[in-house]
Amino acid sequence: MEGDMQGGGVKIHAPEDFAGMRAAGQLAARTLDMITPHVREGVTTGELDRLIHD
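With our numbering, the residue at position 17 of the sequence shown is 23, and numbering never jumps.
Label pairs and their computed distance ranges (CB to CB):
1. Leu54 to Gly31: 19 to 25 Å
2. Glu22 to Arg46: 39 to 45 Å
3. Arg28 to Ile58: 17 to 23 Å
4. Ala29 to Val49: 27 to 33 Å
5. Gln32 to Gly52: 24 to 30 Å
6. Gly48 to Gly15: 40 to 46 Å
7. Ile58 to Lys17: 26 to 32 Å
8. Gly26 to Arg56: 26 to 32 Å
9. Ala29 to Glu53: 25 to 31 Å
It should be emphasised that the hints constitute simulated quantities derived from the structure, not laboratory data.
Every residue, glycine too, gets a C-beta built ideally from N, C-alpha and C.
Let's have the full structure, built from the sequences with the hints guiding it.
Put into C-alpha coordinates, the structure is as follows:
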(Lines of atoms letter the chains of each structure in order from A and count residues from 1; the text may use other names and numbers.)
(Lines give C-alpha, C1' and ligand atoms only; values in the text may rest on other atoms or scores of the structure.)
Protein backbone atom coordinates (compact mmCIF):
# COMPACT_ATOMS: atom_id res chain seq x y z
CA MET A 1 0.00 0.00 0.00
CA GLU A 2 1.45 3.37 -0.97
CA GLY A 3 1.30 6.18 1.60
CA ASP A 4 -1.00 9.11 0.98
CA MET A 5 0.03 12.76 0.87
CA GLN A 6 -1.96 14.91 3.27
CA GLY A 7 -2.56 18.67 2.94
CA GLY A 8 0.91 19.94 3.86
CA GLY A 9 2.85 17.44 1.76
CA VAL A 10 3.55 15.02 4.64
CA LYS A 11 3.49 11.41 3.51
CA ILE A 12 1.47 9.14 5.75
CA HIS A 13 3.18 5.75 5.79
CA ALA A 14 1.36 2.46 5.98
CA PRO A 15 2.53 -0.10 8.56
CA GLU A 16 4.11 -2.29 5.87
CA ASP A 17 6.26 0.67 4.75
CA PHE A 18 8.09 0.53 8.08
CA ALA A 19 9.28 -3.04 7.49
CA GLY A 20 11.15 -1.88 4.39
CA MET A 21 12.59 1.12 6.23
CA ARG A 22 13.71 -1.15 9.07
CA ALA A 23 15.40 -3.57 6.65
CA ALA A 24 17.17 -0.69 4.88
CA GLY A 25 18.39 0.68 8.22
CA GLN A 26 19.70 -2.73 9.28
CA LEU A 27 21.56 -3.15 5.99
CA ALA A 28 23.11 0.31 6.36
CA ALA A 29 24.20 -0.50 9.93
CA ARG A 30 25.80 -3.82 8.87
CA THR A 31 27.59 -2.08 6.01
CA LEU A 32 29.00 0.60 8.30
CA ASP A 33 30.07 -2.02 10.86
CA MET A 34 31.87 -3.96 8.12
CA ILE A 35 33.68 -0.98 6.57
CA THR A 36 34.62 0.96 9.74
CA PRO A 37 37.90 -0.93 10.39
CA HIS A 38 39.06 -0.01 6.87
CA VAL A 39 38.43 3.73 7.23
CA ARG A 40 41.75 5.38 7.97
CA GLU A 41 44.01 8.07 6.64
CA GLY A 42 45.20 7.37 3.11
CA VAL A 43 42.38 4.98 2.15
CA THR A 44 40.38 6.41 -0.74
CA THR A 45 36.62 6.30 -1.07
CA GLY A 46 37.18 4.24 -4.21
CA GLU A 47 39.00 1.59 -2.18
CA LEU A 48 36.20 1.58 0.38
CA ASP A 49 33.63 1.26 -2.41
CA ARG A 50 35.48 -1.77 -3.79
CA LEU A 51 35.54 -3.42 -0.35
CA ILE A 52 31.82 -2.87 0.10
CA HIS A 53 30.94 -4.16 -3.37
CA ASP A 54 33.13 -7.25 -2.97
